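Trainee: Residues per chain, in single letters:
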Amino acid sequence: MKIFAVDDSATMRKIVSLALKGAGHEIIEAEHGKDALAKLAGTTADCIILDINMPEMNGLEFLAERKKSPSISKIPVIVLTTQDESGMKDQALALGANAFLGKPFQKEDLLASVKKLLG
Amino acid sequence: MAFGAAVLAAVSCGSSLLGLGLVGALAAAAAAILGIVVGLFAIDRREDPVQVQVVDEAPPAWALSVSLAQPDRVETKPALEFPELDDARKRLRFARAVAGKVPQLTEDAAFALIERFESMRGNTSKASVSARLFKAALTEGAGSGHPPVAIQAEQTRHVIKSQRESIALMAEHSRQSSKDLRSMGKELESGMDLLKSIEEITERSRLIAFNMAVEAARIGEKGRGFKVIVGELRKLNDMTADFSGQVAELLGRFRDYNASIVGRLAEETDRVSRDVAGGMEAAERAVESLIAASGTADSFAHEIAALAVVIDSDLDGVLESLQFQDITRQMIEGSNAMLDEASADIDASLTAIGRLEAARRNVILLESIRKTLLARSKTRGEKEAIMEVKE
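Note that the protein sequences, when read in sequence, are chains A and B. In this text, residue positions in the first sequence follow this note's numbering: the first is 262, and each later residue adds one. In this text, residue positions in the second sequence follow this note's numbering: the first is 300, and each later residue adds one.
Hints were generated in silico from the structure; no laboratory data involved. Computed from a predicted structure; not experimentally measured. A virtual CB, placed ideally from N, CA and C, is assigned to each residue, including glycine. Careful: at least some of the hints might be erroneous.
[Claimed, not checked] Restricting the straight-line Cα-Cα distance to at most 25 Å, the calculated cross-link-like pairs of lysine-lysine (DSS-like) are: (1) A/K282 x B/K425; (2) A/K364 x B/K425; (3) A/K335 x A/K377.
[Unchecked claim] Derived, one-sided and incomplete: chain B residues facing chain A with beta-carbon distance under 7 Å: (4) F623; (5) I626; (6) I652.
Using the sequences provided together with the hints, build the complete structure.
Mentor: Right, dumping it as structure tokens:
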């Protein structure tokens with residue numbers, strides 16, 4: 262499966278990438294929401310792992326843009342963020358996110374979420 | 300600058316020119332000061348503090364003129380100074396310079412750690428695959444139609460055992476043959492002894508023939524028949540002697556040849572037995588080593604596979620720890636941004652203080668000028684006009 266890892270932290274992208282590559286997934290990295298949208302215009306994806314707090318275009322803004330675009334609105338999104346404000350999860354889910362994971366995450370939890378979404 | 304020019308003009312005109320023109324100049328100066336003060340409080344804090352840094356530290360030209368004209372009349376008050384704020388700015392800049400390097404260094408360190416672990420995991424994984432393949436080649440065959448090495452080794456062990464038994468049997472047969480040949484040599488010796496007996500019989504038969512010949516000669520004509528028999532007997536004796544000699548020579552050669560064969564056979568059998576036994580032992584040791592290696596490879600493959608699992612698990616732990624490190628890195632970045640904001644705020648405050656100080660000096664100077672002008676005014680109207688400017 263082709264999975265996007267969208268995070269402004271290169272370390273976090275690498276960690277997500279290692280966790281998912283070990284399970285046989287192909288990973289495409291993006292530094293922020295705008296970067297992800299640009300890359301999604303040229304390729305397909307089966308799932309998106311999305312950070313919230315990013316420069317240029319944050320995770321919530323990306324979710325809003327995703328909603329508007331028929332070509333990517335159906336791609337499941339797992340929000341992976343350190344933002345633990347009570348409203349953040351609700352906002353993300355309201356904007357169409359399919360799952361929510363907090364940082365730091367455990368590899369098993371991430372793999373389980375991906376498996377659950379991809380069936 | 301308009302304010303400064305106006306005041307200068309007013310002062311240089313002297314008392315004869317005091318009047319409405321002077322009041323106008325004073326009004327212009329007041330308006331200018333007011334403008335500076337209003338501008339000071341209208342500073343947009345979102346703007347770059349460098350852009351609003353317009354404080355002129357040097358006293359205006361008109362102030363110098365007034366000061367020279369009436370040096371004892373200018374009020375002096377302590378300037379507005381905030382050394383703590385300056386100090387705080389210096390400390391903030393230092394802290395920012397130090398903390399600014401931390402996020403990149405942290406990320407570099409995290410990446411280096413991940414790369415090393417990845418490399419280690421990759422190598423262990425390769426070793427594990429190789430060990431599994433080696434074990435499979437030993438126990439299951441390499442897939443080229445050849446039986447597994449372990450099974451081949453086991454078969455070879457059986458073949459070697461069987462060969463050793465055959466060689467031992469062959470050596471035994473050889474020893475038996477040597478024994479038989481030696482027995483035959485003894486029998487040949489016996490045969491030769493028997494030939495000596497025949498020679499003795501032939502010799503005695505010759506003696507008998509001689510006696511018969513003597514006896515036949517003595518009895519004369521009547522012994523003529525005996526002569527013929529004696530002649531035949533002599534021929535028989537000669538033939539027997541020739542035959543015995545030939546047989547003895549033949550048996551002698553056969554005995555020597557047999558003795559030579561026995562010696563060489565025993566020697567060769569011993570040498571071949573030793574060589575074969577040595578070779579077989581070496582082959583047996585090699586096969587035993589191979590069989591033992593098969594078992595070692597099996598446990599080796601298991602150990603490497605277990606090590607790969609441990610390293611995998613360790614890497615997961617490291618990656619989890621690095622997430623905390625990354626979260627900390629992001630917090631430091633956030634703190635740096637706050638330091639930047641605080642630094643900008645202090646810069647803006649210091650700029651504002653500079654402007655306030657300039658304005659305060661201007662107000663003091665204005666009051667001084669007013670007093671000078673009041674002292675120089677001659678009419679009540681002039682005084683009132685000067686006082687009105689205050690408002």
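Trainee: With reference to the structure, classify each hint as holding or not holding.
Mentor: Status of each hint after checking the structure:
1. A/K282 x B/K425: 17 Å, holds
2. A/K364 x B/K425: Between A/K364 and B/K425 the Cα gap is close to 32 Å, so the pair fails against 25 Å, i.e. violated.
3. A/K335 x A/K377: Holds, at about 15 Å.
4. F623: 6 Å, holds
5. I626: 5 Å, holds
6. I652: Violated: closest Cβ of chain A sits about 34 Å from B/I652, beyond 7 Å.
Of the hints listed earlier, those the structure fails to meet are numbers 2, 6, in rising order.
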